[in-house]
Structures are given as structure tokens and as C-alpha cells.
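Q: Sequence lines, in order, name chains U and F. Residue 199 in the UniProt record's numbering sits at position 199 of the first sequence; the count goes up by one each step and never skips. Residue 293 in the UniProt record's numbering sits at position 293 of the second sequence; the count goes up by one each step and never skips.
Read the hints as simulated data drawn from the structure, not as lab findings. The beta carbon of each residue, even a glycine, is placed where N, CA and C say it ideally should be. Mixed in with the good hints there might be a few duds.
Partial list, derived from the structure: chain U residues whose beta carbon lies under 7 Å from chain F [stated by the list, open to error]:
| # | residue |
| --- | --- |
| 1 | Y10 |
| 2 | L42 |
| 3 | T104 |
| 4 | L108 |
| 5 | N139 |
| 6 | Q149 |
| 7 | T242 |
| 8 | F284 |
| 9 | T299 |
| 10 | Y300 |
| 11 | E348 |
| 12 | L352 |
Each computed BS3-like pair below joins lysine-lysine, with the alpha-carbon atoms no more than 30 Å apart [to be verified]:
| # | chain 1 | residue 1 | chain 2 | residue 2 |
| --- | --- | --- | --- | --- |
| 13 | U | K206 | F | K381 |
| 14 | U | K40 | F | K323 |
| 15 | F | K323 | U | K79 |
| 16 | F | K43 | U | K296 |
| 17 | F | K381 | U | K110 |
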Amino acid sequence: MLNRTITPPYQQVNDINFIAPEHKILSNGIKVYNFNAGQKELVRIEFIFNNVNWDQNKPLQAVTVNSLINNGTKNLSAKEIAEKVDYFGAFLQSDYGADHITITLYSLSKYLSAVLPIVKAILTESIFPQQELEIFVQNQKQKLQVNLQKNDFLARKTFAHGVFGDTAYGSDITLADYDALRREDLISYFKAAFKPENCVIICAGKFDEREFALLDEFFGKGWENHSPTELNKFHYEPGQGTQIFIAKPDSVQSAIRMGKLAINRAHRDFPAFQVLNTLLGGYFGSRLMANIREDKGYTYGIGSGIASLKHAGYFFIATEVGGDVYEDALKEIYKEIELLRSDRASDEELDLVRNYMLGSLLGSLENIFSHADKFKNLYFSGLNYDYYTNYIHTVKNISTEDIQQIAQQYLDPSTFIEVVVGKQNV
Amino acid sequence: MVEFNRFTLSNGLKVIVHEDVTTPMAVLNILYDVGARDEEPNKTGFAHLFEHLMFGGSVNIPSYDEPLQRVGGENNAFTSNDITNYYITLPSANLETAFWLESDRMLSLAFSEKSLETQRNVVMEEFKQRYLNQPYGDVWLKLRPLAYETHPYQWATIGQDLAQIEHAKMEDVKAFFKKHYNPQNAILVVGGNVTTEEVKRLAEKWFEPIPAGNKYERNLPKELPQTAARSLTVQANVPLNAIYIAFKMPARKDPTYQVFDLLSDILSQGQSSRLYTSLLKEQQLFSDINAYMTGSLDEGLFIVEGKLISGVDQAHAEQAIWKELEKISTELVSDAELTKVKNKSESIMAFSEMNLLDKAMNLAYYELLGDADLLNLEMEKYSIVTAQQIMEAAKSTFMKEKSSTLYYLANA
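Please work from the sequences and hints to get the whole structure.
A: Rendered as C-alpha cells:
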């Protein structure tokens, strides 16, 4: 008779194998990191550019260049670019991040030679037509108006500004910032950022000699932009704890976002802090989920995270809770943080978190794109694969005392910025 | 091409195995053939609430999540109007834990009162978060009952209102479980670094002893053909006016489904699509414009929706949408346009095969449609669609008398 009450035997994840890239250089010196796994006839190529020349009076300069870079070149209109890319079944995305702009091409191998020239035109000959800028401004202002009615959006924006002020990480965008956009500013930013010296290329998928030769043909020469630039550089000092309440009298839920400036991936405590974060709010069984959702039923979801940026990291807790229970939810969140600082976790709980994190890391390496993503984490933090060896070692061996010590060091609630957006209880 | 093996247990549970040695992980995906369409009126939102209760402990295992996380696994689930789908990903070495957990909750739940009370609250907060506390969040709560008068697609998976969730009772939970959660109503897909032999052994060990239960015979109220245009105007505290037009379209299994999919791509896939270039870029009537399908198992909806540029006349904007719809109903699309959307579909299929969970979910869904192998025939169906078929599909669909229009207006 099958006994269903007994857990089947299981094992902790032991072997986690990372695929490292092959390092190549285009004729003009652009670094290429290549993850070649040729089982499928497709490829992802990322062109990554550091953000530069930050000007707090023009906070939308880089974001807008990112959005409009595929909206017209010397010889192609926005529509022609879109038609050509779509015709070959390719996907061309441009993503603005706090530290980089990434232009990503997804293509079937058979069409690569047809789409690369379009990418080249975009990266080297974009002209940012005035007409496209006007449409963009009009539509983005409308989108911002809609977003400003979302409590979680307001909480996120207010929190980021609280931590990072008027820098690229925290800039508090308003409708007026869109009106202030000028075509000249886009062109000058494009010149400053989109040049070979500021570019790194990461390829994943089927990427052999043939593909490399194509890449070199289009991007290794004939890209003559060498304008002077200054890489963004920010320095942050931890501030005082603050509480910000934004009243939204009609809300049926309150958005809560709280946290503080913290360390980034390059800091030696980062893996230990990640274990602590997982325990607190980083997975479904976390203490915050167990208490605020599964015990109290105050929310659909609550979580915490650590974001690692180039010049800083930050820790945050985020949730949306019933409008009448936000005070109690806050109380319970602080209770959970205090508990981590005052008491050691049980070995049983920590062992579960270890196993969960190792399984989760293994699962995050599911295909060649994921291996490339892991490499980007390292590369842009100035780290090498020793980081993951150390990460795995920390997850496996960190003690409950270490966790408590990390909580005492990094999670002092008196230093938190706390933002609540919703209906104020009287 | 997604290869698989397939067998059926003596209790009627269908099992599909997809071996993929390129990953160290395994996926166990189980699809239950039950969705919001199977709910009783006045007890709507129940299939989804029930999905939450599936995580509240089973008859022999008090906690579902804890033992799974302990072996390095993760899980989640979703409910639609048609199906409820649960999935686990975990290191393949610990695959048996997934069988143990998943089979016990198919055998029976713990039916804990505490869990019911908590999940009622959690789901009510989900209702608020997604539908009530967002600008335009309640659109589908308004649009569904406008488009469907008798078919249960008239309510959203979250339910018609908070009160019905609040009043869910344990006896309803037990009855729902008995009716829908048994081997005959489920499709199990195991994928990843596994062998068919091992999956067979584990399936026989953990799932085969579960009683077959009764096969649920679906007999849903039929929607009568729509013969007159419908519309509803709502005013809300939103910044922009919006229009949603819903047309009836054939069910997912209809042979013209792929024609409709390409039709929606021509109208709205990407920045070279017709609605984007004409209505957003050239005429500048909308700041957002989209066309898509619900892909429903019964007669579904083809939606065209947009947010108007402030100051643009509502009737003028609506007329401009209709002009595009009339154009595609009366003029053949060009070869280049047709090739473009076919190439795009090919790409999407190829890239989706990079993801193990996607493959497992797709196999389960196509098996529900009749045969998992349909997944591998799908691209062929797209490739033979003609410009004539697209025009005919548009013509038979984009008719005023088959439309339901929701005007979602900003408070003056």
C-alpha cells in the first residue's frame, strides 16, 4: 500500500554548470561575447550602450532616444523600418535601463543577413524626425496620465525619487518633462552614446563563423561616430528614514513600497543579503507572504527584492493591501523585519531557503539566452564567474547567525523610506 | 517540432512525456478541463477561487508549497474561462516530489476552513488590485455581459462581483472538486530531463490508484446568433476616453482559427501593422490601438480597442476604426503583408520552443483540443492561409449587427 504521507527521497542541487562566452573582437574593437549553441536555427543579438552625459534638466533624453531610435534613419522612415523588420519575422526591441540602453534583435538564422543592415542603419544613421517626436510626446503624456492614477506606479516613482533624488535612478518624471523634449537633444545624445567605443555585443543562439563574419561586416567597419562623452557616474549617501503618504481618497487598496539604499552585486555581502531577502520576501513561502497573505489575507501578493545597479543597490518591499488594513499591514511588515534582527531563523527554515535558491538558480539557466543573461549580470558589475561559485558556496553554508547579523546591518527600519498611496484612515 | 510520447492510465488520466536533455530541470504541468464557463450563475469566480484552494493542503500532505520549495521547486497556476492549469518546475532529480504532491491533491483536498477564509480574502484583494483599483480595470466586467447574453463567457474568471466570492461555502468547494477534479478531466504533461519509462513508473505509482470519478459532461447554454449592434457607455474617473469593440468569432477548434489570428496580426501586430500606422501614426486619433482575439474554446471575441487622443471626437475616431475594418473586408491584403505575418508566426513558434514550460503547456492545451500533435501541425495551417480567406473572415466578422461597443469615457 502506497504511503502518501511520506516525502519521497530528494537531493540538494549539486552541479550547476555555467556556460561562459567565447570572447571576440570586431575589426573596430567592439567586444563581442558569444554563446554559441547551434541546435536551433535562431539567434538573439544584443547591442548594449552605456548611459552617458546625464543632465538632470533633461531627464528624458536617453529614454526618448531609446524609444525613437527605430523611428527614422537617413534612408528609411519609421514605417519602412517596421515593415522590413516584421517582413523577416524578426523582433527588434529597444530597452532603456538605469545604466544601459539595449537594442535586441531576435531573428531566425535564415534571415539574419537581411535584418542586420536595418539594425546597422538604426544604430548609425537615426535622425529622430520632429513629427515622430511630437507623436511620441503626445502619446507618452497620455500614458503617464493613466499611470498616475495607479497607486503602485505612484508608490514606485515616489520611492525611487526618495532614495535616488534627481539622478537617472530616481528622476521624478512629470508631463512638463515631455513638453521640454527637443529634437536637438535627441540627436546630440544619439551621437554621444551610439558609438563603437560605448558598445558591447552579446550573441546567443546559433552563432558560428558565418554569423560572426556578418556581424563584423556590418558593425566592424563604417561606423565612424567617435564623439566625446562622459559615462554617467553617481554617488549616493544613505539618507534619513522618511514616511510619505499620498492621499487617494477613492482607492479600495493602498500601495505600500518601502526600503532603502543598499549594496549592489559587487559587494561581498550581496549573496548573503540575497539569502536574507529570500527568507523575508523573496519566494512564495517567505515570511511576508506567509504572514500578510496566507495568514491575514490582506493582499494578493507581497514581496521584497534587492536591485543591483551600476553605482548603487537598493532594497525594497512592495505590496497592495486592502484600504482599511494598511496600518496593520505596515505593523506586521515591521514586525517581520524586527524578528529577523532579534532572533535567529531555524535551521529547518534556512535549509528550505537554501534548497529553494539552488533549485531556482538551476532553473534560471534553462536555455542559452539565460546563460547570456547570467553573464551580463557579471560583466556589468565588473565580476567574473567566481561570483557564482561564491554565491553557491554562501547559499549552501551561511549560518543562521550570519543571517541575523546581515539583517542587523542592512535592515534597520529607522533608515527606511516608507511610501503609502491610498485612502487615509481617520 | 516538439516530440513526445503519450499513454493513458487505467483511470483515464492522459499522460504526455516530452524528453529534453538540454535542461537539468523537469516540468510537471497538469491541465484540468474546467474554467469559469463551467460555473453556475450566482456562483461566479468559483473556478479561480478553487485554484487558490488547491494550494491549501491535500488529504495526506498539510502543506503544498513547503515540501516543493524544500526540493528546489517552484509552482504556479492560472484559471481562464476555459481551463485551469497548474505547473511545477524543479530539478529533474527530484521529480518524484512533484508526482507525490500533485497526485495527492487530485486524490482529495484537506478542505480546511481556515484556508477557505484566507483565500476568499486573498481573491477579493486580487479582484480589487486587478479590476477595481486600476484605471479601466473593470472593462472586461462590463464588456463580457454586453457581448454574451446567455453563454457563461458573460462573466470574467475573477467573478461578477466581490459578494459572490465572499459567500463561497465549503459545501460548494467539495462539490466542485468532486465534479471536476478527477483523472478523466485532466491532462498531465511531464517534460525536461526525464525518460518516458521513468515517468510511466511514477505515473502508475502515484496517479493510477486515484479513482476515475465521473466524467463531467459539459452542456452549456448556447449563445443565440447576434443580430443587432449593442453598445454601452460608462463614465469613470479616468484621464482618457476609450473604445472597445467586440465581435463574435469562431471557436478555437474551427478550421478558420489561424485565418483570424493572421487577420489580427495584420491589423495590430507590431509597428508596421495597419491600425498602428494608420490610426496612431498617420491620423493621430489614438495613443493606444490594438486588435486581438480571446482564443476561446466556444464562440470567442475579436476585440478592437483604443484610447483616444484627448480632444479627438469620439464618433470620428470610431468611424476611422470601421474604415480600416471595411477596407480589410473588401480588399485583398498584399502578398508582402501576408508573407510578413506568416514569417512572424514562424518566428514566434520557433522562439517559444526555447522554453520548456511553454512547450509543456502547449502540449497539454493541444491535447485538450483533441491531439497534442496538433501543436506540430500548427505552422502548416498558418502557411496555407490565403488573402482571400482573410478577406472573407473579416467580412463575416466585422459587421455592425455582430458588434458590441463599450464607450469608456472620462468624467467631464
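Q: So, for every hint listed, does it hold in this structure?
A: Hints, verified against the model:
| no. | hint | in the structure |
| --- | --- | --- |
| 1 | Y10 | 4 Å, holds |
| 2 | L42 | 5 Å, holds |
| 3 | T104 | 12 Å, violated |
| 4 | L108 | 6 Å, holds |
| 5 | N139 | 4 Å, holds |
| 6 | Q149 | 4 Å, holds |
| 7 | T242 | 25 Å, violated |
| 8 | F284 | 6 Å, holds |
| 9 | T299 | 5 Å, holds |
| 10 | Y300 | 4 Å, holds |
| 11 | E348 | 9 Å, violated |
| 12 | L352 | 5 Å, holds |
| 13 | U:K206 / F:K381 | 27 Å, holds |
| 14 | U:K40 / F:K323 | 42 Å, violated |
| 15 | F:K323 / U:K79 | 20 Å, holds |
| 16 | F:K43 / U:K296 | 24 Å, holds |
| 17 | F:K381 / U:K110 | 21 Å, holds |
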